[in-house]
Amino acid sequence: MERLLDIKNLKTSFFTHVGEVKAVRGVSFHLDKGEALGIVGESGSGKSITMMSVMRLLADNGKIVDGEIWFDGRDLASLSENEMQKIRGNEIGMIFQDPMTSLNPVLTVGDQLTEPLLKHKKMPKEEAYKRAVEMLRLVGIPSPEKRIKQYPHEFSGGMRQRVMIAMALINEPKLLIADEPTTALDVTIQAQILELMKDLKSKINTSIILITHDLGVVADVCNRINVMYGGLIVETGKTSDIFYNPKHPYTWGLLRSVPNPKTLVKERLKPIDGQPPDLLKPPAGCPFAPRCEYAMRVCMTHMPPLFEVGENHKAACWLNHPDAPKVEAPVGRRHE
Amino acid sequence: MMENKKALISIKNLKMYFPIKKGLFGRQVSYVKAVDDVSFEIMKGETLGLVGESGCGKTTTGRTIIKLYEPTSGEIIYDGVDIAKFTPNQMLPYRKKMQMIFQDPYASLNPRMTVADIIGEAIDIHKLMTGKERMERIHYLLNVVGLNSEHANRYPHEFSGGQRQRIGIARALAVQPEFIICDEPISALDVSIQAQVVNMLEDLQRDFGLTYLFIAHDLSMVKHISNRVGVMYLGKMVELAESNELYTKPLHPYTQALLSAIPIPDPDEAMSKKRIVLEGEIPSPIDPPPGCRFKGRCKYAKPICSEQDPVFKDVGGGHMVACHLY
Numbered sequence: 001m002e003r004l005l006d007i008k009n010l011k012t013s014f015f016t017h018v019g020e021v022k023a024v025r026g027v028s029f030h031l032d033k034g035e036a037l038g039i040v041g042e043s044g045s046g047k048s049i050t051m052m053s054v055m056r057l058l059a060d061n062g063k064i065v066d067g068e069i070w071f072d073g074r075d076l077a078s079l080s081e082n083e084m085q086k087i088r089g090n091e092i093g094m095i096f097q098d099p100m101t102s103l104n105p106v107l108t109v110g111d112q113l114t115e116p117l118l119k120h121k122k123m124p125k126e127e128a129y130k131r132a133v134e135m136l137r138l139v140g141i142p143s144p145e146k147r148i149k150q151y152p153h154e155f156s157g158g159m160r161q162r163v164m165i166a167m168a169l170i171n172e173p174k175l176l177i178a179d180e181p182t183t184a185l186d187v188t189i190q191a192q193i194l195e196l197m198k199d200l201k202s203k204i205n206t207s208i209i210l211i212t213h214d215l216g217v218v219a220d221v222c223n224r225i226n227v228m229y230g231g232l233i234v235e236t237g238k239t240s241d242i243f244y245n246p247k248h249p250y251t252w253g254l255l256r257s258v259p260n261p262k263t264l265v266k267e268r269l270k271p272i273d274g275q276p277p278d279l280l281k282p283p284a285g286c287p288f289a290p291r292c293e294y295a296m297r298v299c300m301t302h303m304p305p306l307f308e309v310g311e312n313h314k315a316a317c318w319l320n321h322p323d324a325p326k327v328e329a330p331v332g333r334r335h336e
Numbered sequence: 001m002m003e004n005k006k007a008l009i010s011i012k013n014l015k016m017y018f019p020i021k022k023g024l025f026g027r028q029v030s031y032v033k034a035v036d037d038v039s040f041e042i043m044k045g046e047t048l049g050l051v052g053e054s055g056c057g058k059t060t061t062g063r064t065i066i067k068l069y070e071p072t073s074g075e076i077i078y079d080g081v082d083i084a085k086f087t088p089n090q091m092l093p094y095r096k097k098m099q100m101i102f103q104d105p106y107a108s109l110n111p112r113m114t115v116a117d118i119i120g121e122a123i124d125i126h127k128l129m130t131g132k133e134r135m136e137r138i139h140y141l142l143n144v145v146g147l148n149s150e151h152a153n154r155y156p157h158e159f160s161g162g163q164r165q166r167i168g169i170a171r172a173l174a175v176q177p178e179f180i181i182c183d184e185p186i187s188a189l190d191v192s193i194q195a196q197v198v199n200m201l202e203d204l205q206r207d208f209g210l211t212y213l214f215i216a217h218d219l220s221m222v223k224h225i226s227n228r229v230g231v232m233y234l235g236k237m238v239e240l241a242e243s244n245e246l247y248t249k250p251l252h253p254y255t256q257a258l259l260s261a262i263p264i265p266d267p268d269e270a271m272s273k274k275r276i277v278l279e280g281e282i283p284s285p286i287d288p289p290p291g292c293r294f295k296g297r298c299k300y301a302k303p304i305c306s307e308q309d310p311v312f313k314d315v316g317g318g319h320m321v322a323c324h325l326y
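Protein chains in written order, with full-length UniProt numbering: chain A, 1 to 336; chain B, 1 to 326.
Chain A extracted, bound-state conformation:
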């Protein structure tokens, strides 16, 4: 497999009037061509900020403090804004969470869809419109010739999200970043969009990074998963490893806090007690230690490294140290 994206020790901070918020605190991962990677974690875990750093779309007070972002042979962290603009919407496409606010209400859908073609490919207008109609048809919008002349308010939520996907994919980017693409949608529309993304991945061989807090969505779409907590990757591995053989107590907690719709016996949910850490004053040890029922003394003072726990499977938890007590995972076995 050819490597498309390689992130090395990325650190991103926001400088606010109360101090430095360390949103991403040293994250390394890679993505191969044609692969779908899921990033899961709760709000404030740094999952969106990691990808905003890759796109270099941070707010004014946000800054990449350290690290490298290698994309197709270039370090995005060191490119100028002009050079970045040639990559955004061209080589990297992005879908945002809220389809209601991500489209420009005063431009027709056609104007917005053709913009990347006119700007990056210098395509003649007529040809660009033809391509846009084709793209709308591909994402499943009926009578695209008519719809392309309409404005965003004439589209429903699911339709707008399809337009966003069409726009992100129109230049056939090498990488598609989807930040909670289905969170604002109903389950039936979500199912349509997920099928569409899987379909497009196989048709135009785009690599996908899917950011979500919904474990059901990643189980369906992704080959690999990064679990993030407190600005760090706490576990990474193949989708089956994360679901069936998880090695980090936070992953255990996530898996246990969602009800399985298949079970007929009513079991009490097992929430993760407490609150996520304050990244203004990040803890010295493991960020999950204060909420972890297995926490040891070392967890409070020393940050665990990412232990190798299997083939391409790593977990940042001291329980995986050879000298640590053996703890059986409370979740993860395949349901028979």
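FYI, nobody ran anything at the bench for these hints, they're computed from the structure. A hint or two may mislead.
Said to hold, decoys possible - Covered stretches of chain A (chain B as the covering partner; in silico rule of three or more C-beta atoms under 8 Å from a C-beta of chain B):
#, segment
1, 180 to 190
2, 269 to 275
What the hints assert, rightly or not - Derived Cβ-Cβ restraints for the label pairs, each shown as a range:
#, chain 1, residue 1, chain 2, residue 2, range
3, B, Lys6, A, Asp278, 46 to 52 Å
4, A, Asp98, B, Leu92, 36 to 42 Å
5, A, Thr108, B, Val311, 41 to 47 Å
6, B, Phe208, A, Gln275, 24 to 30 Å
7, A, Asp278, B, Pro289, 51 to 57 Å
8, B, Leu68, A, Tyr151, 51 to 57 Å
9, B, Asp117, A, Glu293, 32 to 38 Å
Beta carbons: idealized from backbone N, C-alpha and C, even for Gly.
For this one, chain A is given, so just place chain B on it according to the hints.
Chain B alone, transformed into the frame defined by chain A:
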């Protein structure tokens, strides 16, 4: 176990139409039929789940039951009394029995009031307690929802989403209600916090003998918390059954599609699952055509479906469905 229980609330042929007005003089041109002839019962002590896509009328149903809207027609029988036509004054004693928890924990708390005043407001309105007794009650309620007494003098912005939802729950509990409508109480919260709030709602139900109407679009969570679940589509109740029954043997084609769309947090099952992908989207509730509302997206649609409204009937064991197939 539910058979011998008494109905706390019976909804009969409830309709909630919103007029659409046009032009300078507000000429009324048509109606949005948000809730159109819905009947069901909520038993004492049970949790009834209500699911459906946005725009199906589930929230409007909840709000009409608690009379935040004036119903167009139909009966809302609470403990033997029809409250559908009650005036606000007549409603006052019932407002103490029925409370609501809202979806957005950021918008549903007044940012200028302290937590104590937010929780105490209903106590003041109903003149239940004053002074020291009132303050003790507020502290007690804060403890019940897992916060502590020191939080009483703080403002909502000092709390996280999950904590705010706890404040909203404490406010609903303040007047010792019998019945609480939970309108998407967890959809704005993180997964790990959702489980905390759901467990707390279950504990409160056990401790205070509460009855819930739980409205949500997260189908796995609704199944987890509810005894029975009702499915709505475009203003109509299309299916209602005991929750395991509904999830294992869905009868209505819409319920089948809705359930098959749930993403399952299990990669092997996600791979092997066959999904019924519904074509198109939910049609407009403005003057919907006669017959079954779902016929345009239904693969089993027959000529009769466009001619006749399917009757919402019991097909055995309390499993209700409105479909011409049964």
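- Task: If any of the earlier hints don't hold here, list their numbers in rising order.
- Result: 8
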